[in-house]
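I would like the entire structure built from these sequences, with the hints used as guidance.
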Amino acid sequence: MDTPRGGLPELTTRETLPKAIKELSQTSGPFAIDTERAMGIRYSNRAYLIQIKRGNGKIYLVDPIETEDLMPALAEVLSSDQWILHAADQDLPSLAQLGLTPPTLFDTEMAALLLGEEHISLQAQLMKHVGVHLAKEHSNSDWSKRPLNAELRAYAALDVEFMVDLRDALIDRLDTMGRLEWCHQECEEIRTRKPKPPKKDPWRRFARGANITNRRKLGILRELWEERDAIARDKDISPGKVLNSQALALLAAHPGRSLSDVKRSPVLRREKLRYLTPYFWEAIRRGWNLTEENLPPLHLESEEKYPVNMSEWSKKNDAAALRWEKLRPLFLELAEELGIRQEVLMKPARQRALAWKGWDRHGVAHALEKLGARPWQIELTAPYIEEVFRPS
1 MDTPRGGLPE LTTRETLPKA IKELSQTSGP FAIDTERAMG IRYSNRAYLI QIKRGNGKIY
61 LVDPIETEDL MPALAEVLSS DQWILHAADQ DLPSLAQLGL TPPTLFDTEM AALLLGEEHI
121 SLQAQLMKHV GVHLAKEHSN SDWSKRPLNA ELRAYAALDV EFMVDLRDAL IDRLDTMGRL
181 EWCHQECEEI RTRKPKPPKK DPWRRFARGA NITNRRKLGI LRELWEERDA IARDKDISPG
241 KVLNSQALAL LAAHPGRSLS DVKRSPVLRR EKLRYLTPYF WEAIRRGWNL TEENLPPLHL
301 ESEEKYPVNM SEWSKKNDAA ALRWEKLRPL FLELAEELGI RQEVLMKPAR QRALAWKGWD
361 RHGVAHALEK LGARPWQIEL TAPYIEEVFR PS
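Under full-length UniProt numbering, residues 1 to 392 are what the sequence shown spells out, in order.
Treat the hints as calculated values from the structure; they're not laboratory data.
One thing to keep in mind: the hints can contain errors.
Claimed, not checked - List of simulated lysine-lysine pairs, BS3-like, C-alpha gap at most 25 Å:
1. 196 with 357
2. 305 with 136
3. 316 with 272
4. 357 with 370
5. 305 with 316
6. 145 with 272
7. 196 with 347
8. 305 with 196
9. 357 with 347
Claimed, not checked - Just the calculated beta-carbon pair ranges, DEER-fashion:
10. 147 with 40: 20 to 28 Å
11. 301 with 259: 34 to 42 Å
12. 360 with 136: 43 to 51 Å
13. 27 with 184: 23 to 31 Å
Cβ atoms here follow ideal geometry from the backbone N, Cα and C, with glycine treated the same way.
Written out as structure tokens, the structure reads:
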């Protein structure tokens with residue numbers, strides 16, 4: 001299918017969005033919602049297009065760039081009923097930036113995971129449960145471009161065309177399998193989940209590939225990373241479009257001592273990259289001039305409360321290592337019995353935290369609750385764990 005049933009919608013403008021909002025308010029049913037961003041193209045992760053379909057009504061393609069000041073009126077209407085999204089955790093942050101948040105949520109990807117589906121993409125789910133084939137050739141397009149051509153508008157509109165039908169089919173299956181409450185709990189967790197803090201020192205993951213093993217060159221890499229980010233922000237392009245991260249790390253590994261050295265670097269020999277030379281030399285110079293106390297440490301302390309390398313467990317916490325030997329197969333076997341992925345039954349990080357910390361007189365269920373497990377997960381796993389660890 002390559003065209004929505006109700007025809008090809010136009011992009012809303014400042015003049016047409018108020019009418020669209022009024023029509024949405026006069027329609028009933030849940031809101032099927034999707035967003036399109038320009039990841040890897042633009043600097044920000046903001047939404048450049050919002051697709052909305054309410055119940056059996058029309059599809060609206062909302063341009064949040066041109067109409068951002070009208071978002072409060074849209075938010076008021078969207079707060080009146082459930083949202084349906086696929087992989088909601090990918091879209092909710094950019095929608096929240098615009099002040100758009102769901103009162104309740106149904107995530108079709110999460111529903112598919114809880115049903116034990118092998119193929120969980122929106123295309124696979126629509127084909128299986130609704131009998132509709134959608135192409136996916138435009139997911140990496142530049143959605144910040146205007147005007148949006150008819151092909152892109154059709155692709156975007158079709159992403160929400162059948163979401164209500166899919167939700168209804170998935171609810172029926174979840175209800176039949178006794179897993180609808182599981183889905184309610186998981187969707188509420190996604191809806192209320194706090195944003196993840198930015199990853200600390202993201203440049204470190206590229207240092208190893210460039211064989212950077214001393215603090216000075218790490219400091220130079222950090223300065224180069226921040227300089228590239230400033231250039232990307234100013235140009236509103238993805239940092240990788242300024243210079244890819246592997247090349248940036250190679251420049252830090254062989255930084256040179258002068259502007260002339262940087263000009264001769266093989267990393268910047270291409271004509272279109274030469275404009276970067278003075279900026280990157282300034283970053284390298286700052287790196288050379290960092291005092292010892294301002295150089296980054298060679299290694300970051302792990303943010304986990306337990307060793308990342310499982311081989312260290314028996315050396316540091318023998319009781320935890322023994323708990324892990326029993327807990328790991330238990331989670332795997334129970335997940336297999338339920339026909340779902342083990343990370344859906346219990347995130348591996350939560351499994352390891354339970355093994356490392358153990359539990360006190362309040363019991364396993366209390367420990368799992370403190371670790372953030374949902375009630376359905378606790379109800380399924382706690383009795384098994386207590387049985388395995390019950391003294392013989």
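Q | Ascending list of hint numbers which this structure does not respect | A | 2 and 3
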